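My request is simple: use the sequences and hints to build the entire structure.
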Amino acid sequence: MSDLNKLTLTQAIDGIKTKKFSAKELVSDCLTQIQKLEPTLNSFVTLNENALNESENINFSKPLAGIPIAVKDNFCTQDLRTTASSKLLENFIPQYSAYVVEKLKDAGAIIIGKTNMDSWAHGSSTETSDFGPSKNPWNPKHLPGGSSGGSAATMAADEAIVSIGSETAGSIRQPSAWCGVVGLKPTYGRVSRCGVVAMGSSMDSPGPIAKTVDDAALILSLISGHDPADATSLNKKPWQIPEALTSLKGLKIGLPKAYFPKKIKPEVKQSILNAAEKLKELGAEIIELDVMDPKYAIAVYTILQRSEVSSNLGRYTGIRYGHDRTFFGDEAKRRIMLGTYALSSGYYDAYYLKAQKVRTLIIQDFEKQFQKVDAIIGPTSPTTALPIGASAGQAMFGELEDILVEPSTLAGLPGISVPCGFADGLPIGLQIITPQLREDLSVNIARLFESNTDYHLQKPNLNCHPEQSEGSRPEAVK
Amino acid sequence: MKITPIIGLEVHVELKTDSKMFCGCNAEHFHAKPNTHTCPVCLGMPGALPVPNKKACQWCVKLGLALGCTVNEYSFFERKNYFYPDLSKSYQITQYQKPFTVNGKITVQGQEIRINRAHMEEDTGKSVHMVINGEESTLLDFNRSGVPLVEIVSEPDIVLSIQAKEYLLKIQQLIRYLGISNADIEKGSMRCEPTVNLKIEDNGKTFYTPLSEIKNVASLTGVQNAIDFEIERQTQAFKETKEVKNSKNKTTRGWDADKARTFLQREKEGSADYRYFPEPDIPPIEFTPAEIEEIRMTLPEMSEQKIEKYQTIYGLSDYDAKLLAEDQNFAAAYEALFDTEFVSKDQDTLKVFAKFAANLFLGSIKTYLNETQENIDSSKIVAKYFWDLFNSVQNKELSSSVAKQVTTESYKTGKHPVEIAKEMGLIQVSDSNQIEKIAKEVVVANPKAVQDYQKNPMSIGFLIGQLMRASGGSANPQVAKEILEKLLKNPTL
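Just so you know, the sequences run in chain order R and C. Per my numbering, the first sequence runs over residues 1 to 478. Per my numbering, the second sequence runs over residues 479 to 971.
These are calculated hints, taken from the structure and not from any lab test. Keep in mind that a hint or two might mislead.
Claimed, not checked - Computed list of lysine to aspartate or glutamate pairs in EDC-like fashion (alpha-carbon distance at most 20 Å, straight line):
#1 R:LYS252 - R:ASP365
#2 C:LYS829 - C:ASP817
#3 R:LYS19 - R:GLU38
#4 C:LYS532 - R:ASP230
#5 C:LYS533 - R:ASP230
#6 C:LYS677 - C:GLU633
#7 R:LYS459 - R:ASP440
#8 C:LYS558 - R:ASP349
#9 C:LYS576 - C:GLU633
#10 C:LYS829 - C:ASP866
#11 C:LYS532 - C:GLU551
#12 C:LYS576 - R:ASP349
To be verified - Take a look, some chain R residues computed to stay more than 12 Å from chain C by CB distance:
#13 THR317
#14 THR340
#15 GLY346
#16 ARG438
Note that the coordinates shown come from a computational prediction; the quantities given were computed from them, not determined experimentally. Note that the Cβ used here is the ideal one computed from N, Cα and C, for glycine as well.
Here you go:
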């Protein structure tokens, strides 16, 4: 067989279990695809050169036996270089693995490589990566989004079977939307942050980026659960995949007017309205909502996240990790400075404390909305993938791109982005937001939407753009 | 010119929990091989997260309660951001706006010293400076990084250096009573930083000199000396410069114990900006009133309570009571003497025994422990021995001084003290027939002394001495004196 890399997770698991093909063949096909496309896409920072060896000895009783998985480069992987796409950590080989990585390995998965991202997860484009930007498989002149851009690109380009990203505000959902794949951002605390290079600690949420909703759900069920090594990890059992729904009858789904800002791309707006219509056909009642203007979330998010970043990055002093602070890129420096300023004595009350208070108001606003509706939908991003270079000189690029995901992030809510259309050959994403711990609902709505549409089945034509990437090639590091 | 020192103390105490504050590493770091008690969390590796040590938090609350503090039912950790090579994360996890406990007070030599707070934090690593291959180098040891630390901050209620020392002794005693730390200043498990300035009243005007915080003081005497030095230095400085305190001239001074002086370490530009903010990695901590009460129930009987008990029930002097209660284990060993079947039911006898035993504890055992630098071993204190010894003295078989002597020996060897006295021939003879026999011999042998006695009854001492010698020291001197007097007054006997 060939092109095994194009399989979904569910198909690949089935193929290995029923011995239609071996794990080695599966990994091998993914590696072939990586070899072919990396010069163009630059989805990976580091490849695991042991992946093929690992695929030779697999335990069939494990749920992800022999499945090649691409993991964002801010997850610590023992003995495998972890850089968070920053040159500052270009020589950092962790002595321990992140909880999520441990869980995946325990489940039998093979880490095929570490995916490119915005450096330190600072951005929504991968353009801040010190290893060059990743490219959107649908059109390499465009960005994959970010910060988990590499992970999303691997899914669209079939460079792996499934992937892991992390989201502080939009970093799973936005690149998934731009790459036409499924991104599931769990409730804050549902998945342990242990071993994830910290960005905005009070919001960081690891989660899957996959080719289908089922695949994403399966991964969440395997990486969730209480981790005693993360004090903010919820004291809950691993999340269980819910029974599929056959109809959305009885469900009220909110459509906030404010999630259609003036500058929204008209095709995006139309796709979301079409999606709402589709959900209505499936039995849901669509209710227009008046929610708090998401612009407040940008302000709050910017203050809180920068403050946490300024403290989290303080440890890279130049004494350890081999490189000094001059190795921080411009975006990291900007964030450190803004956060330092916001936390300074005399400004703390005006910025950090005020932001925390507004965060409480945002949480309350969602609570109010969820008394009226079961779920909220909207565009994941107001645009489709922007061209390479779009983030240059725009310090607030990420925040403007993530305007529609930041409110739910601040409230710690789960969300999922599923493909819901195309404009000029670039994918559009529909996001579904539910109350805390109600991933079952967002997954079920997404699943039913997916099975009644074919957007997720469309694949980019990866042979039509042979031009070489400007980004550096990934290096294999043991 | 009237000068009043204003002294506040910050005390850091390392808790002796098994594991560190935010990870599972061994918290014991004294003399451990560098960087062997470390993990990604206390090394501050990327992605590592702190998980608070429940026992340490409870112990901090316990200490706060013992200091008379109020426990905040809702509290949280914060990050104190600053750069130092041995601070692994470039921030220290500590408490700022909402510490575990606040507003306490303790009484030191009759004066109340208010406690601002007792809060929970983590210790830093250590920088070790040494010359390697001819080059001055700094090495980092993270064994101490993340060891649980309680910081006790006093209000500036102290006015004398001796008071500061007494305050520290009191805190040290209290911590040792709670059994939560060795509070050893020399080994660094208790560290003190006095902040000193002066209130100067001159010609109806009041001035306050700039604050100095004194660091690296490694002994109680050092604290006292450093404060005295600083009072003198600030007095002179004020006379010369007239500089008064403002928000920008607080300085940090080091203490040089060899030269017995403080020296300028750091001039602060206003208060350092640590950019405190709530630690996002640790959810807020709540103690319910029931939980606080539960911790309060674990407080042992403290020294004040013991001192009062010793005075009222045992009839001891204030002085003896304080000495006995100084060390909890020592006091416990003493109290065990009353928790036995041999204890007298008679209140008066009990008090006599209490005083007798206190003398032995303070006179013999404590002296011995001080000489050998040992802690009391309560297994060597046998209640029966003390009661037997007491009865022997009451029966005049033993003198009090012999009792002291054999108590030390008994503590060392575990032998019964009365047996020791017998073996050493130290049993007193109070049997008047036996003594009378010897007395008669002494009278016959010393006619000159007998004549002297007739002229001067005060000279009986010589004859008593002769009698004691003849008895091998075992005669009860009181009985001997009585018999001799009887014989001498009536030579026909």
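Comparing the hints with the structure gives:
{"no.": "1", "hint": "R:LYS252 - R:ASP365", "verdict": "holds (17 Å)"}
{"no.": "2", "hint": "C:LYS829 - C:ASP817", "verdict": "holds (14 Å)"}
{"no.": "3", "hint": "R:LYS19 - R:GLU38", "verdict": "violated (29 Å)"}
{"no.": "4", "hint": "C:LYS532 - R:ASP230", "verdict": "holds (14 Å)"}
{"no.": "5", "hint": "C:LYS533 - R:ASP230", "verdict": "holds (18 Å)"}
{"no.": "6", "hint": "C:LYS677 - C:GLU633", "verdict": "holds (15 Å)"}
{"no.": "7", "hint": "R:LYS459 - R:ASP440", "verdict": "violated (27 Å)"}
{"no.": "8", "hint": "C:LYS558 - R:ASP349", "verdict": "holds (16 Å)"}
{"no.": "9", "hint": "C:LYS576 - C:GLU633", "verdict": "holds (17 Å)"}
{"no.": "10", "hint": "C:LYS829 - C:ASP866", "verdict": "holds (16 Å)"}
{"no.": "11", "hint": "C:LYS532 - C:GLU551", "verdict": "holds (15 Å)"}
{"no.": "12", "hint": "C:LYS576 - R:ASP349", "verdict": "holds (16 Å)"}
{"no.": "13", "hint": "THR317", "verdict": "violated (6 Å)"}
{"no.": "14", "hint": "THR340", "verdict": "violated (7 Å)"}
{"no.": "15", "hint": "GLY346", "verdict": "violated (9 Å)"}
{"no.": "16", "hint": "ARG438", "verdict": "holds (21 Å)"}
The structure fails hints 3, 7, 13, 14, 15 (numbered hints given earlier, in ascending order).
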